[in-house]
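Heads up: the protein sequence lines correspond to chains A and B, in order. Just so we're aligned, residue 72 is where the first sequence starts under my numbering, counting upward by one. Just so we're aligned, residue 639 is where the second sequence starts under my numbering, counting upward by one.
Calculated from the structure, these hints are not laboratory results. Using N, Cα and C, we set each Cβ at its ideal position, and we do this for glycine too. Possibly wrong hints are sitting among the right ones.
[As the list claims (entries may be wrong)] Sample of chain B residues facing chain A (criterion: CB under 10 angstroms; computed from the structure):
1) Trp684
2) Thr773
3) Gly793
4) Asp850
5) Thr852
6) Tyr855
7) Tyr904
8) Gly958
9) Phe961
10) Gly980
11) Gly985
12) Gly1020
13) Val1053
14) Thr1058
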Amino acid sequence: MSVSNTWDADLAATRIRELQHLPGALLPILHALQEEFGYVDESAVPVVAEALNISHAEVHGVITFYHDFRHKPPGRHILQVCRAESCQAMGCDKLIQHMEDRLGVKIGNTTEDEAFTFLPVYCLGNCALSPAAMLDGRPYGRLSPEIADFLINDARRRD
Amino acid sequence: MRIYVPGDMAAISAGADAVARAISREISVRGLDLSVIRNGSRGMFWLEPLVEVETPRGRIAYGPVSSDAVPGLFEAGFLEGKPHALCLGATDEIDWLKRQERLTFARCGITDPLSISDYIQHGGYRGLANALERTREGIVEEVAQSGLRGRGGAGFPTGIKWRTVLNAIADRKYIVCNADEGDSGTYADRMIMEGDPFVLIEGMTIAGLAVDATSGYIYCRSEYPHAFRIMRRAIDAAYETGYLGASVAGSGKRFDLDVRLGAGAYICGEETSLLESLEGKRGQIRYKPPLPAIEGLFGKPTVMNNVISLATVPIVLDKGAEFYRDFGMGRSRGTLTIQLAGNIRHGGLVEKAFGMTLRQAIYDFGGGTASGRPLRAVQVGGPLGAYFPESLLDTPLDYEAFAALRGLVGHGGIVVFDDTVDLAKQARFAMEFCAIESCGKCTPCRIGSTRGVEVIDRIIANEDRNKNLEVLDDLCELLLDGSLCALGGLTPYPVLSALKYFPEDFHGNAG
């Protein structure tokens, strides 16, 4: 994953144009922008609204309704840890606490050095191998504090 | 010859990609002529990565295989199915699989998910061929007669839903597949999309023929990027081979299909929220009526079914309604895909006729807890399902039997907890989750859930205990009766069941 290119209004406009013909185009457009830039910049709101002939408020409302859409660039790595029942049954709360200590940031935030955006997720569908996590789109099951440490260090080394 | 290394997300999470790379490396070092197929998972996740080799004796399984073990497997002669510490014998003879009745999952883990010829060789598109020989009414009747009920959770008869859409008059109709599998403890939809995507495409195509819809959408949750990518490639392959598009299988009948990505909102698993989301809006639920079958996507009559329901349609059309109906008990016909999750030794997918008890699922298949500690609670049916104590484990997995206990079979997820669980904490989480995921449209859910968290906190802290228990009871009643959809309407199930069966956990500081 590790996208996070700087926002480029022309490129954003191109992405919007490519998808605006779709029925129900708003989510596909927002996903495309986030995939390109790692987030959806505020400046996209009027452009998307204009393209789809809807109000700024509607676009803003959709961006803020869904947990996925970010309003600012994420860290270089996106680390998602499942917090739902199946993973709770396998001690994800303790694991998350360990990772919070390790990263120096509470879940739901980005580390100060912008290396990691550490997010809760409510189920990755890997419930037979709880606790589950995803790092930059790669899934991990039966995650232990030791493996979590390894993954964090490894990602830092690759930066 | 073929070697199978699952490309299923859970298998990858256990290291399947590294194993596939190690195998490819050995193949080239040894100059062998072998292809590595990234199949779906057989659903035995404690054995993943489960590698299978094709031999004259059939497929032989090895697992769990690590990339370090790969050179040793080659040395031991695993290509001929020779013994090794990781050898599990012939895959078909593995007891865990043999005891199942795999209808919907007949091909999952066996075929190359993206090979349409593999799909056809293993019985794929026979249901479509039969459907093309029938009238619309004939297809709908077959599905109705099979007794198939919505596998998403609500258990509404699929045939009746289809008949409503068939009878609705409109210039356009839609088929929408709900692949927003958000319940913790469930992964059957994901496995089908990653392991046998054509069966879902075929099921949706048959639905389109049945109700005269020419367009369909799969709404796949964004937490499933692997499933989304495989689904997209399968749709492309179906277009290339003429199984989607202007003339499905040369029939002259059109069916178009697209897969869309959700955006991390649990509520979009609710059918009307999903429709709003597909239309590009906030995923807020709609008032019902009108039902989506009358006014659904873009205001048009819409068949909205879960992945498993739609993926079961091909076998119903292939083998007939009677074949399918002969499985099951009471009004729950056919098979249930159970997903064993949480603190479980042998987690995985069990497809079996309705009627197996929870105990059989958890012990005979699941092997008890992963931690080895005593089981204390089980949550069936996702975050809105009740917590059951050990004493209710003999309840059969059947829609009506669970409903009678104020529980849900739901999508078939079973999450096991050992004796370290704190049910007050779980009840609090149920309310917290409802508050996080509420769409905000109705007051009981939007505000009631936050108040619920506060009240449970006060009970745990032993503040005005009896008064607060009364408030919680009252609040739950309000949520049950006053919420617009199942999120607020069913959040009381886990809360009240935790209170009823595990009252000792709510004593907090009072001990």
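Discussion item. Of all the hints numbered above, which does this structure not satisfy? Sort the numbers upward.
Written reply: Failing hints, ascending: 2, 3, 4, 5, 8, 9.
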